[in-house]
Amino acid sequence: MITARRAGLGASIVLAVIGIAAVLGGTGYGMFVDGGEVGPGFLPVFAGSLVALFAVLDVMGRLKRVPEHDPLKEVAGADEELAADLAAESDVDIFGRTQSQRTRMLAIVLGVLVATLALVQVLGFIPAFGLMLFVIAVFVERRKWLPSLLVTVVTCVVVYLIFVTFLRVPLPEGVFGGF
Amino acid sequence: MIENLILGFQTAFTPENIFWCFIGVFAGTVIGLLPGLGSTTGVAILIPLTLTLEPVTALIMLAGIYYGAQYGGTITSVLISTPGEAASVVTTLDGYKMARNGRAGAALSISAIGSFIAAIISLALLMALAPPLANLALQFGPVENLAIMILGLVIVVSFAGGAFSRGLMMAALGLLISTVGVATGFSSARFTFGNVDLLSGIPFVEVMIGLFAVGEVLHQIRVGAAAPIRTKFRDLMITRSELKRSVGPILRGSGVGFILGILPGAGSTLASFMSYGIEKRVSKNRDQFGKGAIEGVAAPESANNAAANANFVPTLALGIPGGGTTAVLLGAFTIYGLQPGPLLFETQPTLIWGLLVSFFIGNVLLLVLNLPLAPVFGQMLRIPYGYLYPIILLTSFVGAYAVSNNFFSVLIVFVFGIIGWIMKEVDLPMAPLVLGLVLGPLFEKSLVQTSAIGQGSFLVLFEHPISVVILVFAALLAAGPSLTRRLVARRHAKQADRENDKTPVAH
Chain W
1 MITARRAGLG
11 ASIVLAVIGI
21 AAVLGGTGYG
31 MFVDGGEVGP
41 GFLPVFAGSL
51 VALFAVLDVM
61 GRLKRVPEHD
71 PLKEVAGADE
81 ELAADLAAES
91 DVDIFGRTQS
101 QRTRMLAIVL
111 GVLVATLALV
121 QVLGFIPAFG
131 LMLFVIAVFV
141 ERRKWLPSLL
151 VTVVTCVVVY
161 LIFVTFLRVP
171 LPEGVFGGF
Chain Y
1 MIENLILGFQ
11 TAFTPENIFW
21 CFIGVFAGTV
31 IGLLPGLGST
41 TGVAILIPLT
51 LTLEPVTALI
61 MLAGIYYGAQ
71 YGGTITSVLI
81 STPGEAASVV
91 TTLDGYKMAR
101 NGRAGAALSI
111 SAIGSFIAAI
121 ISLALLMALA
131 PPLANLALQF
141 GPVENLAIMI
151 LGLVIVVSFA
161 GGAFSRGLMM
171 AALGLLISTV
181 GVATGFSSAR
191 FTFGNVDLLS
201 GIPFVEVMIG
211 LFAVGEVLHQ
221 IRVGAAAPIR
231 TKFRDLMITR
241 SELKRSVGPI
251 LRGSGVGFIL
261 GILPGAGSTL
271 ASFMSYGIEK
281 RVSKNRDQFG
291 KGAIEGVAAP
301 ESANNAAANA
311 NFVPTLALGI
321 PGGGTTAVLL
331 GAFTIYGLQP
341 GPLLFETQPT
351 LIWGLLVSFF
361 IGNVLLLVLN
371 LPLAPVFGQM
381 LRIPYGYLYP
391 IILLTSFVGA
401 YAVSNNFFSV
411 LIVFVFGIIG
421 WIMKEVDLPM
431 APLVLGLVLG
441 PLFEKSLVQT
451 SAIGQGSFLV
461 LFEHPISVVI
471 LVFAALLAAG
481 PSLTRRLVAR
491 RHAKQADREN
501 DKTPVAH
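These protein sequence lines are chains W and Y, in that order.
Residues in the first sequence are numbered consecutively from 1, following this note's numbering.
Residues in the second sequence are numbered consecutively from 1, following this note's numbering.
Bound-form chain W, shown alone:
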């Protein structure tokens, strides 16, 4: 299980690498031009080194682990009832789904999203995303299929009217042609 702390460490390490890469790339573009003026490489090197520096600092900070700062809890102060309310935000949401179930939902949604982007060329933009809406509502969120279908159709029609009819956006069409 990836903890938030490890994810944070990973993100900072990636950022450090990006920063260093930017510095190297920027140096290649030339930091200064003739006459000492700033050249195309200056900002990449400057920003890249800041990113790298603070990413390394952040890695060190995250390793030390500073207690989280929550302004809401600070203003709530000594009020016990209020603090209890804030603490009551439990792990299980209103549908009784646990954290790991929700993480799995997120992975599925991401997968569906990638599939949708791939399907845009085949089905067309609105049908592909309409299918995504329906699939997420019925299979991920476990809503009833009839209302989900209704929501999907209404949303697609509204989006079509706004973007295609009114704004005249040439959305990619698939096998279904005009829609």
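Just so you know, the hints here were simulated from the structure itself, not pulled from any lab data.
By construction, the Cβ of each residue, glycine as well, lies at the ideal position given by its N, Cα and C atoms.
Don't take every hint at face value.
Said to hold, decoys possible - Distance condition first, Cα-Cα at most 20 Å in a straight line; then the derived EDC-like pairs of lysine to aspartate or glutamate: (1) W:Lys64 x Y:Glu425; (2) Y:Lys291 x Y:Glu346; (3) Y:Lys244 x Y:Asp287; (4) Y:Lys445 x W:Glu37; (5) Y:Lys291 x Y:Glu242; (6) Y:Lys445 x W:Glu141; (7) W:Lys64 x Y:Asp427; (8) Y:Lys284 x Y:Glu242.
Said to hold, decoys possible - Now the stretches of chain W that chain Y is said to cover, found in silico as 3 or more residues with beta-carbon under 8 Å: (9) 14-25; (10) 28-37; (11) 51-62; (12) 103-109; (13) 123-137; (14) 153-165.
Once you have looked at the hints, place chain Y on chain W.
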């Protein structure tokens, strides 16, 4: 001044502009009240809808979403203790308690009234302050502009919440991302890796939609939905004594909100927290705070609205956005071919004054909408998030495609959606990234010009008096929070020492 106002009224009072202003504030209220949809997200998603409108009409609508969301965010804070907007987080403390005590109607009314009064006060101040500031800024050369941008970045970093170093890191990352593509002034393409689509740079609106809309949705899926609690509207009327108690908090909140909102980067969330803190200290009903004190609703709600308007002072006069949403709005300006900054007051008076006057109209519309209809808006909370978020995803991607009719935009939204989600998960602030991205091209231009003036040296920054003042201010702001924290810690330590001395040691 009077001529400008007349010009503004002539522009804003056309049926078309009033209509779009209404659409904006209505959409803003809805967006503000739906959890997981904030004003920044709302403006980012809806920019594509405005592409066929006149620039002034488009900006009137987009700005309406921004301040409309400040009203809407309150409704959820009070009714289900889930703030629709970050700026309404603190309102949950007393607003939700009031709702539980059967005073939901009063809480919603006072926040609408307070917001309205704050809006009118701050608008008058905005109209009075922005033009002279723009005039002053017109005298600025590249050196002063560079100093101003450094100040803007420092402020947004220090108020973004979380560690200062993380904020700076994200601001630098934003600057770095802005260098992708062919920059004006340089002939070579940077970091394009042979990709033709990257030549014109990483598109701004798509990044916003990705970070704020898609990233937020992905984050919400993992966070899960909070339990909604039904509230009865036993008493919609606000009592005279409640109104009387709220006058002071509303006025103080407006003041605090305006002052904080004016600082580029500080924004309305901080303003709401500060004004709540102040009321808690000065109020006669101190003991009721956290148990449903009306002051605890009136003050932060006035403050966040005043700050939202004050945010437009640096945005319009200096071209430096005051917060996340104004950064997106600034991006919208550039889509319509307008370069935000002091020159706008001279070159586009119709647009600027039309926009400012539309804020008056918008706030009147919001008051009328919110006083009687807040409970009706509350019904929207019944829309299940399971439908809402796939719809947000759909609109985000279609909207992104509509900006440039290019599938590349869709991919950018996807990539930055994932980046935004990771940033939320690992607690990296987004506002500095956005500001760095928006300011990037201008920042680089002033860097080049400043280095040309200094013949390769940046020491000229310390030779111009105005830029020195600005930089000293920036340094104070950067050092301020950690200094005060250290002082407070020292005082606590001393106190603890003294108490330790007093406690007899048991053997």
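Evaluation of the provided hints:
no.	hint	result
1	W:Lys64 x Y:Glu425	holds (19 Å)
2	Y:Lys291 x Y:Glu346	violated (50 Å)
3	Y:Lys244 x Y:Asp287	holds (18 Å)
4	Y:Lys445 x W:Glu37	holds (11 Å)
5	Y:Lys291 x Y:Glu242	holds (15 Å)
6	Y:Lys445 x W:Glu141	violated (49 Å)
7	W:Lys64 x Y:Asp427	holds (16 Å)
8	Y:Lys284 x Y:Glu242	holds (13 Å)
9	14-25	holds (count 5)
10	28-37	holds (count 5)
11	51-62	holds (count 6)
12	103-109	holds (count 4)
13	123-137	holds (count 8)
14	153-165	holds (count 4)
This entry does not satisfy hints 2 and 6, going by the numbered hints stated previously.
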